[in-house]
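Residues per chain, in single letters:
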Amino acid sequence: MIDLTIDGRDISVPEGTTVLDAARLLNLDIPTLCHDPRLKPYGGCRLCIVELEGVPRPVTACTTPVAGGMVVTTESEQLYRLRRTVIEFLLSDHPNDCMVCQRAGDCTLQELAYFYGLRDNRFWGERRRYDKEDANPFIKREMEKCILCAKCVRVCGEVQAVGAIDLAYRGFNAKVCPPYEKDLDCEFCGQCVAVCPTGALTGKVWEAQGRQKDVKYTETVCPYCGCGCNITLHSVRNRVIRVSSRENTLNEGWLCSKGRFGFEFINKPDRLRTPLIRRRKDGPLEPASWDEALGLISSRFEGIKKEHGPDALGGLSSARCTNEENYAFQKFFRTVIGTNNIDHCARY
Amino acid sequence: MSNNIKINVCMGTGGIAAGGDEVMAAFDLELRKAGLEADVEKHCAVHRVGCRGFCARDVLVDVSVDDVRTTYQYIKADMVPRLVEEHIIGGVPVEDWVVGQDYHDFHDRQEKVVLADCGQIDPEDIQAYLDVDGYKGIVKALSEMSPAEVIECVKASGLKGRGGAGFPTGMKWQFCAANKSDRKYVICNADEGDPGAFMDRSVIEGNPHAVIEGMSIAAYAIGAAEGYVYIRAEYPLAVERLHKALSQARAHGFLGKAIHGTSFDFDIKVKLGAGAFVCGEETALIASIEGQRGMPRAKPPFPAAKGLWGKPTVINNVETLANLPFILRKGAEWFASLGSETSKGTKVFALTGKICNTGLIEVPMGIPLKEIIYDIGGGIEGDRLFKAVQTGGPSGGCIPVEHIDLPVDYENLLKVGSMMGSGGMVVLDENDCMVNISKFFLEFTQSESCGKCTPCRIGTKRLLEVLTRITEGKGKKTDIDLLLDMANDIKDTSLCGLGMSAPNPVLSTIKYFRHEYEAHINDKRCPAAVCRSLLTFTVIENLCKGCGMCLRACPAGAITGEKKKPHYIDTSLCVKCGACFDVCKFKSVIKE
Amino acid sequence: MAGLATVFGSGAMTNSIAEVENNDALFVIGSNTTENHPIVALRMKKAAEKGAKIIVADPRKIPLVKFAALWLRQRPGTDVALLNSMMHVILEEGLEDKRFIEERTEGFEAFKAAVKEFTPEYAEKITGVPKEDIIKAAKIYASAGKAGIYYTMGITQHSMGTNNVYSVANLAMLTGNLGRESTGVNPLRGQNNVQGSSDMACAPTVLPGYQKVTDEAARAKFESVWGRPVPSKVGMTATEMTGAMIDGSLKALYIMGENPLLSDPNMGHTTNALKNLEFLVVQDIFLTETAELADVVLPAASFAEKDGTFTNTERRVQRVRKAIDAPGEALDDLEIICRLSLRMGFDLCLNTPEDAFLEAGSLWPALAGMTYRRINDNGLHWPCPTSDHPGTPYLFHGTFPKGKATFTPVPFVKSKELPDDEYPFVLTTGRVLFQYHTGTMTRRSKALEAVAPEAFVEINTADAENLGISTSDMVSVTSRRGEIKLKAKVADKVGPGVVFIPFHYKEAAANILTNDALDPVCKIPEAKVCAVRLQKA
Ligand SMILES: Cc1cc2nc3c(=O)[nH]c(=O)nc-3n(C[C@H](O)[C@H](O)[C@H](O)COP(=O)(O)O)c2cc1C
Ligand code: SF4
Ligand code: SF4
Ligand code: SF4
Ligand code: FES
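Residue numbers (the numbering used here), protein chains in the order written: chain C, 299 to 646; chain L, 382 to 973; chain Y, 2 to 538.
If we strip away everything but chain C, and leave its shape as in the complex, we get (with noise of 0.2 Å):
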């Protein structure tokens, strides 16, 4: 364990954890806009900058480990001051959107910029222009919103061990893309829209379905696969209108791009929505009431089964139902019908 001093408070952590870490724990909150817990440490954005005793710069938090001793300032004038720059030089290169921006009220920059008062900006300059439209189904790309945190390319690279889109270009021009700037074409794990910091990557599917004061949030798992994962459903007048992820679950955050893009079917006009029912032999369905649907079956099942015994019926059930229906329908044909003709299609 190593022992140091953050904001005159002492602390104590393993070996190899970073002052940024370190101060986390002692809820200390320090600004980031390129750090993810998930990912390796990168040290771009330089919002993190803390003071160490006896080190004449500023260092990066998220990027410096802890070593015994050291004395670590989170907060001064000097420290709000070239914050506050950093943040100033940000946005002096991007786009006035933010009102029409998708990510607006859950933008780390716009977050920024609010608490640091940047209404003026000292440094307005040429910005940067790129107005191509990404042709695939799934993310939109606006780079001339982008920060250059790498967390899209750090993730895609480190966690998805794609490496669909790298940095290119130098200096001012320094861009996110995939090689040679074509289109995106990848897995579309849309792990980068999840990790983008601002609204520079954001889903098609949810482009303008609703701003985040109206969103309800909804934890439960994945429809999909059997990895389970967690996701939240955001809904807006009982509409599905995107899937996301904490990172503090089984799946870290991480969906695939079934279980973060395929929600569409929910909101799908050709749901049913009344029982339908066949009324004559080779006739079409028809909607029916549910009394006249289950009456109906009720009757039916109850005529099979006297004339032919319980097990002429039979149940399939759905490996995606949940537990609980699948408990009552195997209940339901034990103790109703009285068979063990139950299985499940999938059995695998």
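Worth flagging that the hints you see were computed from the coordinates, not collected in a lab. From a predicted model like this one, the values you see are computed outputs, not experimental measurements. Glycine included, every Cβ here is placed at the ideal spot set by N, Cα and C. Keep in mind that a hint or two might mislead.
[As the list claims (entries may be wrong)] Computed footprint of chain L on chain C, listed as stretches where at least three residues anywhere in the stretch have a Cβ under 8 Å from a Cβ of chain L: (1) 435-449; (2) 466-480; (3) 491-505; (4) 516-528; (5) 553-567.
For this one, chain C is given, so just place chains L and Y with the ligands on it according to the hints.
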């Protein structure tokens, strides 16, 4: 005719560019014609040698007859027959072509260690290096010293890194040696990205074995078995000589397994850099060798703890490494006796700009700036006034005339707001605009920023924009303060040395030449008459002969006037291209 | 998962997903993990980065091969020969875990005799995997400190799927890779609640918690809670039901949330069966191909519109929560079943999902310690027998439910249908990353549909050349059961002689071609291997 004749032809990149190859060939041909088989016969040898620093005078040729050496300058192939006939056969030097006193001044005031053998020995022949005691340093280390003793020796010598940061080399090695690992690496940083710098190139072209020997010493000291030379691809000659030297060193058992019969194994790979300035930064360089984008990362961990492939790594500059054989051979005390109190040894500089003798020089640390400029450099070109000297490459600073007596070493340069850097030295005179100079350097650093960190990526761009508007006469009263604010904050927040030092030119020019900024901003005037947007071109009526040259040259049709009558420039149409100023034979167009 | 249950007395993933990261070696057989279990695959990639060695055994050059230390391209349907041979090598080299075998297993000698003949040379002939690679794989797996096996339907969906599972279990037992962190035998479940629906016993032989219907004591326990007699006769599996529909002995079928028409092998056969029913009820969220044949269709709520729990592939029971109301008059499945039951004169007494959950827990000790509150944040891994039990991320620490685990000698049996002159290619089926199952959900996503809009048949470059087929050509694929037409994708992802078709697409449903031959124990149809013929259409 004497039977002891040696001919050295300068075949550095400068020499070759000036026609060294042809000169070589001409000697060969002429000697053959004269019945002297140069390559075969012992008594007459033609050598290619590396750069001796005075490239402006190339092709330089030494002709030694009975060990009396005569140096010729500006030699071309067609001049060779006369040299052979009159000097070599006739025994009488061709006085017209012999170098003058300035050549000797240029050399005599220098103190050569690293460059001592450059320009004297054939870099493509290991024997030439062995003849001047080459590889004795590593042999001494291997046979007489423990790795710890080697490190102690380097520490005692006081050698500091010549790549820019000036970190004590012995200390760096000690850190690396202390880190246990199954593998360690030595990297030679030969990226040399500073525009106009060519000291590292010259060392490798002129004496590649010294660098190889230096790397071997470092490897032995820290316990590495593998080394890399990271060299820019734009240095084809250096790369070629390096490869030749490596294979000769292997053939002579100075590289490979069980070197000198000990258990020390070491070999070196060459890795070509794509020429990005930032790839000279050590962590970016390592990323580049690993095949990643050349982008610096935060330190700590330092390469000495986690470098190439995550293993402890020592990375040193070419010049640093080339000093090592001498330190081992001649001892730490000898090295420490050179230089100033705090900075030991010598430093190689690339002297350029408005100075008579431009070229590569090696001087002891602590030499007064004045001596470099006037005694070695021969003073300012023409009879113009010295204004400042810019040191430390694109991210260094400007030193004004009031510091002309400054002893040049790491500490003093920092004290006056500049730095040693890799050793660029650009002399500026009254015709240089300091705002424009800092803009020039910012243009370079800004475009070479890797873009990883915010202050450097956007900040240097903003600095450049403000400087540009000042030079265009659009500066605002608050701009100087804005520049200072930005510059200081960028220095404090950038990730790597590039961003940390990029604002230096701005800061030091504001410090010493604030009045020039003010003239641009307040009076919309460029005192050195450099910033075109601020210039007015006028014809002085009584000097104008009415030849019409300017009228024809003007692309904007801003000039009117009849033949033989004074011409007139309409400033509202003038685009300030300066074409009229350049073409007027009678100096009757003035700019101010 | 009958196979695993027989061996260990429990048939689920033995270890948890998070543990994958810390494996020293991973043996991934018959699982296209990156496409089918992408999040498990992330952990595999991380393990590889941390230095673990991945061995992939798959007839296709699946994306995970890129991260693998070794790739074995076995012929489809030859897994047992490969596995037996690896075990042969392990025994030859003395790499088995003798203490584990001694203390925790039974049946070793018979097993040992059974793998005797599987020399690498012999296995090479059957599997097509070079013998050196078999030896290498055996050594990597057996000498790793912590080695895990991962598989999916690539292993189970064969007529001898149960044998495959026995084999995999043998391998883990032989090397003592069980009952410790980051080891185990790990079937990756294809759908989000396969584990849960197995646990909840929508199965003909068992009651919830794998308690046999033939076990009187178990029945008595359930009867006392349910208040009604429980039938003791083993019921029919899904595939047997299809047969019974054809022969007319099964008259009525109630399908909840499935689309067997597309998902089951031999589609023509399934259609005839369903049409032959007297009465078909389908309960679903869309009017699926199966629902179109129904007499009554009931509108159900989707996962976003209901409360309950799912149990994922690592036995973690997690909460499903209602975000929005179901459309129109649609109801959640639980309510529909309860209402129907009431209508038929019996109150299931499952008024809320939690009622059902707690009742299941009262009958199955592995769930007994869980409540909705306890699983609120991150769920719990069963078994969790008491209210203070932390759950069980990995099974069999110290002991197996049935005491000792049993080695099962597994002979190599050929697939039911092998290529011949008339049908010279082996067809295997599977999934693609962007689609799911029969596409009911994913094919309604504009974006997913845009990147994976149509079925294709993957053909090896050499085969394609011989047949004069190039990418995007329409090809007709014919088996003994039917024919489909679809586009060709020529690549070396599949080996020569093998073709691959994803089964999501009804326009070109792979299951028109596949074989419904059954595994004798598990009654899983052989969807993975059948013989086909290709022709440029
Ligand atoms: C932007 C930047 C460029 C650099 N370029 C070079 C270079 O071209 N050559 C070099 O030797 N060092 C260069 N350095 C310094 C290296 O990072 C490093 O300090 C040096 O190679 C260490 O060697 P030394 O201790 O022998 O000086 C550069 C540093 C920065 C920040
Ligand atoms: S969607 Fe996934 S694979 Fe594609 S670029 Fe983003 S992180 Fe990479
Ligand atoms: S796109 Fe987003 S995540 Fe990627 S570098 Fe830009 S701001 Fe960061
Ligand atoms: S200071 Fe400049 S060159 Fe250095 S890391 Fe930052 S952006 Fe890159
Ligand atoms: S969060 Fe530390 S530099 Fe960005």
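Okay, the hints, checked on the actual structure:
For the region 435-449 of chain C, the stated coverage by chain L is satisfied: 3 residues place a CB nearer than 8 Å to a CB of that chain, which reaches the threshold of 3. Coverage of the region 466-480 of chain C by chain L holds. Counting CB-CB distances below 8 Å, 6 residues qualify, and the rule asks for three or more. Remark: the region 491-505 of chain C is not confirmed as covered by chain L, as 0 of its residues place a Cβ nearer than 8 Å to a Cβ of that chain, below the required three. Proximity of the region 516-528 of chain C to chain L, defined as three or more residues with a beta carbon under 8 Å from a beta carbon of that chain, is not established by the 0 residues found.
Look at the region 553-567 of chain C against chain L: 0 of its residues bring a Cβ nearer than 8 Å to a Cβ of that chain, fewer than three, so the hint is violated.
The structure is inconsistent with the numbered hints 3, 4, 5, although it conforms to all the rest.
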